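Taken in sequence, the protein lines are chains V and H. Here the first sequence is numbered in the UniProt record's numbering, starting from 1 and rising by one per residue. Here the second sequence is numbered in the UniProt record's numbering, starting from 1 and rising by one per residue.
Derived by calculation from the structure, the hints in this document are not laboratory data. Since this is a predicted model, take the numbers as computed values, not measurements. Where a beta carbon is used, it is the ideal one built from N, C-alpha and C, also for glycine. Careful: at least some of the hints might be erroneous.
[Said to hold, decoys possible] Chain H regions said to be covered by chain V (calculated; three or more residues, Cβ under 8 angstroms): (1) 69–79; (2) 88–99; (3) 118–124; (4) 156–167; (5) 222–235.
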Amino acid sequence: MPTRERLAARQHRVVDDLLHGRVPDGFDALRARHTARILAMKRVDAIERACEEVTWLPGWRDLAVRFCFEQPTRGCAHTDRDEFIAWLRRNDLARNWIRLADVYAGRRRSTVYDGDLVVSWRSEVVHLRLTPSRGNSWHSD
Amino acid sequence: MTGISELRGTAVAWRRPIAEFIAALAADDRITFTEVVAENVRPDRLPTELTALRRAGVAIVPHGVTLGLADASRPDADRLQHLADLAEALDSPVISEHVAFVRGAATPDPLHGDVLEAGHLLPPPRTRDSLAVLVENVREAQQALPRPLAVENIAALMSWPEDELDEPDFLTELVDRTGVHLVLDVANLYASATARGTDPAAELARFPLEQVAYVHVAGGTERDGLYLDTHAHPVRDEVTALVTLLTSTYADRCLPLPGIMLERDADITAAAVSSDLDRINTAVAQGVSHAHA
C-alpha cells in the first residue's frame, strides 16, 4: 500500500477511536483519554456558546462529553446543541433542565427551575427568584 | 515589508477582547509584531483595529489552525488561498501553521471516503513515512504561499507506538529538507516533553534554533501529572524558566533572539495578559544576564 494510503488508514482509525473516547491500540491509556477529552471539549465549548442556559445544568460538561463520545460526528454548534438536548431526552436525563431549555427555545412559556420561575417574556427569558410570602415566613423572626 | 528577522521583542497574539490593550502596547512601542488566527478573519473584511495596527507599523502574522500539514491528504487549495490572501492583505512577513494533523480521512483523497474532523491539532506519528508525507505537504504549501512558512511544534499529550524519531530529530529533518521556518512554542515543548517523560531543557537545545521565526508562550495547568496547554491559565514557572534558558542559549550561540509572543484564548483580559507579559519580560532579562554571567 502506498505511503499516503497507509498513513490515511492509520490516522483515520486513531481519530475514530479518540472521537469515540476509546484508547487506540498500543497507545498509553491515560494520555489517550486526556486527548480524547480535549477533542470532546472543543465541541462542548461550542455547545456552551450556542446554549447559554446549559450552564444551569449541574455536571453538564461531563454529560456533554458523554454525548460527544456517543455521537462523534461533528455538526455545527447549533446542531450539536439540538442533538445534545435530544440525547438527554432519549436517555431520560436532566428532565427539569430540559423544561428550562424548552423555555429558552420558545417551546414552552414557563417552568420552575432551581427555585426560579423562568418565563419567556417578549423576546427575553427572565428568571424570577421565588420567595415565600410575608405571612408564610420561613424565618423564625 | 517587515522581514522575518525583524520579528523581535516580546508580543501578544491579537484577540478581539484585548484589541485596545494591544493598540496601547503598540502606541508605546512595546510590541512590533502580533499574530491573528487566520480562520477568524477575512482578508476583505479585516477588523479596523488590525488595519490600524498595520498602519502603525506592527507586523501581523496569519496563524492557521485547520490546514493539517501532517494530514495524509495534500493541503487544501482553498485553505492555502485564504492564508495567501490574508498575508497579502496584511503585508505579513511570514505565515504560520502547525506540525499537526487535524482530520482523518479513510483515503488520502478528501473527495472520497469518510473524513473525520478532529477539531483539534493532533501529533502525527514520527515515522519516516509520516515525515515523507509532511515534507511533501510543506513543500506544496510553500509553493502556494506568497510569504515564507513557519510551522509550530504542538502540545502532544500522546505518542504513537510506531514513533521512530524523537521530536527534535523529526523537526530538524523537516527543516533541513524543506527550509521551512519554525514557531517554537516553549509551552508546547514543555507539555510534550512532560507527557513523554523527556527533559524539555535538553530537547530545547536540540531544536533547530537558527530556523525559528518567532516563539510562542502560553499558560496551562496540570492534571494527572500531565501539563495541559489550556491558553486559559497563567504561564507556569516551568515555562518561563524555559524562556530564560532559550534566551541564554541564543546568546551563547551568538544567534539573535527571535520575538516571543504570548497567546491567551480564554478569559482574555488585559490584566491577565499584562501580568504574563511582565513575567515573560523578566524571564528574558534573566536569560540575558545568565548568558553574560
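In terms of beta carbon proximity below 8 angstroms, does the stretch 118–124 of chain H have 3 or more residues touching chain V? Holds: 5 residues of the stretch 118–124 of chain H have a Cβ under 8 angstroms from chain V.
Establish whether the coverage given for the stretch 88–99 of chain H by chain V is satisfied; the threshold is a Cβ-Cβ distance below 8 angstroms, and no fewer than three residues must meet it. Our answer is that it is violated, as 0 residues pass the Cβ test (under 8 angstroms) against chain V, missing three.
Tell me if chain V covers the stretch 222–235 of chain H under the three-residue, 8 angstroms CB rule, please? holds (count 4)
How does the stretch 69–79 of chain H fare against chain V when you require at least three residues with a CB closer than 8 angstroms, holds or violated? holds (count 3)
At a Cβ distance under 8 angstroms, does chain V reach at least three residues of the stretch 156–167 of chain H? Held - the stretch 156–167 of chain H has 6 residues with a Cβ nearer than 8 angstroms to chain V, which meets the minimum of three.
Of the numbered hints listed earlier, the single one contradicted by the structure is hint 2.
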